[in-house]
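Trainee: Listed below, chain by chain, are the residues.
2 protein chains.
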Amino acid sequence: MEKRTAVSYRNVNITGGFWKDRQALNRNTTIYAVEDRFADTGRFEAFNFDYTPGSDKPKPHFFWDSDIAKWLESAAYILAKTPDKRLQARVDEVVENVQKHQDPNGYFNIYHTVVEPENRFRLMDHHELYCLGHLLESAVALKEAVGDTRLLDCMSRYVDYVARVFVEEKSAAFKVPGHEEIELALYRAYRCTGDEKYRRLADHFINARGYDARSIGGWCLDNYCQNHMPVREQTEAMGHCVRACYLYAGMADAARYMDDPEMLDACRALFDDITLRKMYITGGIGSTHCGEAFTVPYDLPNDTAYTETCAAIALAMFANRMKDLELDAKYADTAELAMYNGILSGLSLDGVGFFYENPLELNLSDRTRHTTVRDPGERLPITRRKEVFDCSCCPPNVTRFIASIGDYAYSADGDAVYVHQYFESEAVFDGVTLKADTAYPADGRVVLTLKGAKGKTLYARVPGWCRRFDADKPCCIKNGYAAFTVGQDDETFTLQFDMPVITVCADPRVRANAGKVAVMRGPVVYCLEAIDANAPLADIRLPHDAAFSLKGSEFGLPSITVNAVRTQEFSVKSLYLPLSDVKSAPLPVTLIPYYAFANRSECDMRVWIGKC
Amino acid sequence: MEKRTAVSYRNVNITGGFWKDRQALNRNTTIYAVEDRFADTGRFEAFNFDYTPGSDKPKPHFFWDSDIAKWLESAAYILAKTPDKRLQARVDEVVENVQKHQDPNGYFNIYHTVVEPENRFRLMDHHELYCLGHLLESAVALKEAVGDTRLLDCMSRYVDYVARVFVEEKSAAFKVPGHEEIELALYRAYRCTGDEKYRRLADHFINARGYDARSIGGWCLDNYCQNHMPVREQTEAMGHCVRACYLYAGMADAARYMDDPEMLDACRALFDDITLRKMYITGGIGSTHCGEAFTVPYDLPNDTAYTETCAAIALAMFANRMKDLELDAKYADTAELAMYNGILSGLSLDGVGFFYENPLELNLSDRTRHTTVRDPGERLPITRRKEVFDCSCCPPNVTRFIASIGDYAYSADGDAVYVHQYFESEAVFDGVTLKADTAYPADGRVVLTLKGAKGKTLYARVPGWCRRFDADKPCCIKNGYAAFTVGQDDETFTLQFDMPVITVCADPRVRANAGKVAVMRGPVVYCLEAIDANAPLADIRLPHDAAFSLKGSEFGLPSITVNAVRTQEFSVKSLYLPLSDVKSAPLPVTLIPYYAFANRSECDMRVWIGKC
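Chains as they are written, first to last, in numbering that gives the first Met the number 0: chain A, 0 to 611; chain B, 0 to 611.
Hints were generated in silico from the structure; no laboratory data involved. Mixed in with the good hints, there may be bad ones.
Where chains are identical, the list cannot tell them apart; a pair therefore holds if satisfied intra-copy or between any two copies.
As the list claims (entries may be wrong) - BS3-like mimics (lysine-lysine), calculated; alpha carbons at most 25 angstroms apart, straight line:
hint, residue 1, residue 2
1, K610, K582
2, K80, K19
3, K169, K453
4, K477, K572
5, K329, K142
6, K434, K80
7, K58, K572
8, K455, K56
9, K329, K582
10, K142, K84
11, K99, K56
12, K19, K550
13, K572, K329
14, K550, K477
Can you build the whole structure from these sequences, using the hints too?
Mentor: Structure below.
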């Protein structure tokens, strides 16, 4: 089995371009904004464990540990690069509280200590193991980032306790987590510490899944939490998308550490089922708010898309693990699609607002169409980003993703260096210094300079969106990667990926996109907002020979202007007219990067545009 | 104010063609099928008034009187033309039960006698006055059809009682009906009997509406039952569509009998608001199941259309009254559209199955898209007609509509004869004998022979769908009617309405139909069913120069074959491909009349088809 080693963000410095700006915004604004909102809502205070029923303090929720854990993890990634007293102080506060309040037996959970202590490990639909997973990830992040092992020591004891309860005593009321995440976290702790106990517990939860097929209760069926069959038999992506992709990422780790080709085959099948049948063009997943779930193949409604920010992140995490188990550009392509579209759209341009859902179409009139009843009984995504949600999993997931974006760029094995994502960056790994000079994705030119790689092979991904590329050195193409032999100790490779504006169609089985096209440039999906088009968006069509031109970079990347077409107002008073009586008129419109929608005004938006 | 006199169905014999077959099916099959289902469900038995709480008899519902009343009315229309022992016996049974169980004070209502007697005229959201309205209509129908005045005598006493309670004593808990219908029924009784008391009570309910603006309770707002403002001020069609159009039909009668131009203006505004902004191309109305209501202008979703059969009938009734108050072909055009499409689709071709909702698009996969939760929380129209519903207002509404279709054809005043609908028929009215020879809508040729009309003007409607017509006599066109001077005692006029297959567009503000066309021939809307097209329906497009040809008449009218286009399966495994890589392929498909959908199999269907 192929087993490349991903290069850690710690060894990758983003030195310029798109992501340098994003990381600066994340470091200077977003991380503090999330901290403030979590403080306002009592999430940090909850770590004091001083809530009592009837007190005026906010009642902790059973996933608050995980919100703070993801914030801690984000802080760790930032602290690894930039000392920050404020962040460090908050990290210390939380870690000290964990040390202080951890149960002598190792158990740690806010909610199930101060609100429902009697229900520890009794409720499968609660999130104790999910919270542990995130706390464990942040503990590993703190150790790796700044050598702070305090939290990892605590979580190590918690893991011992969980192993006793779930593996030895089998005394819990359920066998596997109702919300997966701990699996990938345990493998990560194993990767960091080499301690087999983490790996054994991860293997246990992965292997036990689907053998007591049952739902987590309530309105969910057993496939909601991927507990409907043993994981090696799962070939269709089902259920709650975040749960699913966290599990699949854990399965990819399991395939690696168990050396299990059967598990890898399951991962391949699940990845293909998602990306060939159930993924929006933005890299978003989740076609319905009911269960925040996958539905059936090709069911990809745009206006009611759920496409949770966390789900796109989880898909990127799954893809990023797969890329090191199988050399195929489709994995990094998918991570890239999510990165520039379905994930980034979750954050406002000013860095303080968030979307939980990232629809591909907004129709404001749908919100006021029910004029005669009190309860319209319809649910539509919100149209403005918010600073915090009751279920605020997405904001700290975005901060940790952006702070650790370097994790996605490179990997290595003894004989080769792999470039998966193109960031202007400098990286040192495996005895190699790799410098990438590029404005990607603003343009498609990439100059890679390698030192100390003589005799190795350089694999540079040719993005799936790219129809034509030039290289200044001979190469062969392998599974979507251009393979170059590095002949010198200090050698430069120049790649030019042709990056025109193109229109894209969906598989004809995707009903929602029939007769429509999406506009892309490189990996970036564009959208049309009502403030940039003087006509009902649904009526706007792109001619077959649409002439696109780039304009400015108000949103970090160019906007696109195009001469579209609209329908002229009917000449006679009628709701319906013969096609022969209907005239069209040219309409110049501007398209902006999808990730930038809903930043200038609350208005209609759509990714999929009519064509004529 | 113009006041033409509509010619009663009693003076119009449908002698051949499309409607003769429909009336035969209605008379020989449908009327009995509805009777049987109403008998099975205890609706007829309920007129014995022997239900007692806890008894094993079915508990009457508060609208059962109206179900039976509409059946009685249908039976009357049939008996007017064809003696039928079985129908007559059932009519006698019901009428005798009414005579037997009517309260001495005149009150008559099954539910509020045997189930909730304490709540007589206390619950605005119950249907006592609506039930009286339908019983009164059936009483008038029986008198006019067969001279049977027994039921009218009963209802006359009930009307006296209602006038005392609502007008003199004002002792009811509400001021106006929660479900309108009685208004048009009272004006109809006035028209039949000349008794002013009916008209006075109708005027009262019309004039009182909207002065104590309030909802009927529960989740409804006051516009749900058109009680949000005085009727003369209403210009936007709002609320429950059947309630609305029954009211508007009553308002049209009120305009006529009150000689009230202000009322007529309100009717005009409401009619235009419906037909220019809120009506489906099938003549169906009701864009949402929430409140079975109108929504906002241009909000016409096809798959979740409510478009209740009764609502299309109510719109036709409204239009049919308006045509005699204002000479404008748009009124008969709208009645015709509903007649051949949104009403007829409510009845199966075998005459025994019914749709309550008549959607313009069926996507079966939407019914199984939620795979991970127990309650998808979505509501979609049914995909197979049923023989009876719990709320079975539509079936007897269809039987009465078809049996009395002759009501829509002609009207007269001293100087002129008006032909609004083209049925192969013979009619005698106003001293004139009018014979129409035509296969309309199978083709557009109509030969009208008038006897005894010398010196009168013949107004023959030029259908709104017709772009070109020939006449063998000189005429001028007035508001969509061809006006001929009748020069002889026995004169024939031959009209040829060009009836090609055409594609139709919706106003660009109708989002649901953007980039799509509907196919029509004459007044008949066609649809595409999955069993006639080997591709996902959403992917099928009609070329700009589509070549249509007529085929057979399996459904009473020709089907249409056309060479459409589909997308070829993607050449590479991908959910999304550049437009330049996507190929199309020709696909011959067959379209059938919309009214005939869902008769051969349960499958996807759509009226609005993509274009390229």
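Trainee: If a hint holds in the structure, say so; if it does not, say that too.
Mentor: Status of the hints after comparison with the structure:
1. K610 with K582: both (15 angstroms within a copy, 15 angstroms between copies)
2. K80 with K19: Answer is within; shortest intra-copy Cα gap is 12 angstroms, inter-copy 86 angstroms.
3. K169 with K453: neither (54 angstroms within a copy, 101 angstroms between copies)
4. K477 with K572: between (61 angstroms within a copy, 17 angstroms between copies)
5. K329 with K142: Classified as neither; 32 angstroms inside a copy, 78 angstroms across copies.
6. K434 with K80: within (18 angstroms within a copy, 94 angstroms between copies)
7. K58 with K572: Close neither inside one copy (59 angstroms) nor across copies (50 angstroms); limit 25 angstroms.
8. K455 with K56: neither (60 angstroms within a copy, 88 angstroms between copies)
9. K329 with K582: Between copies only: 23 angstroms across chains, 43 angstroms inside a chain, cut-off 25 angstroms.
10. K142 with K84: Classified as within: same-chain Cα gap 17 angstroms, cross-chain 94 angstroms, threshold 25 angstroms.
11. K99 with K56: This pair counts as within: shortest intra-copy Cα distance 20 angstroms, inter-copy 70 angstroms.
12. K19 with K550: within (22 angstroms within a copy, 66 angstroms between copies)
13. K572 with K329: Between copies only: 11 angstroms across chains, 52 angstroms inside a chain, cut-off 25 angstroms.
14. K550 with K477: neither (35 angstroms within a copy, 55 angstroms between copies)
In this structure, the hints that do not hold are numbers 3, 5, 7, 8 and 14, in rising order.
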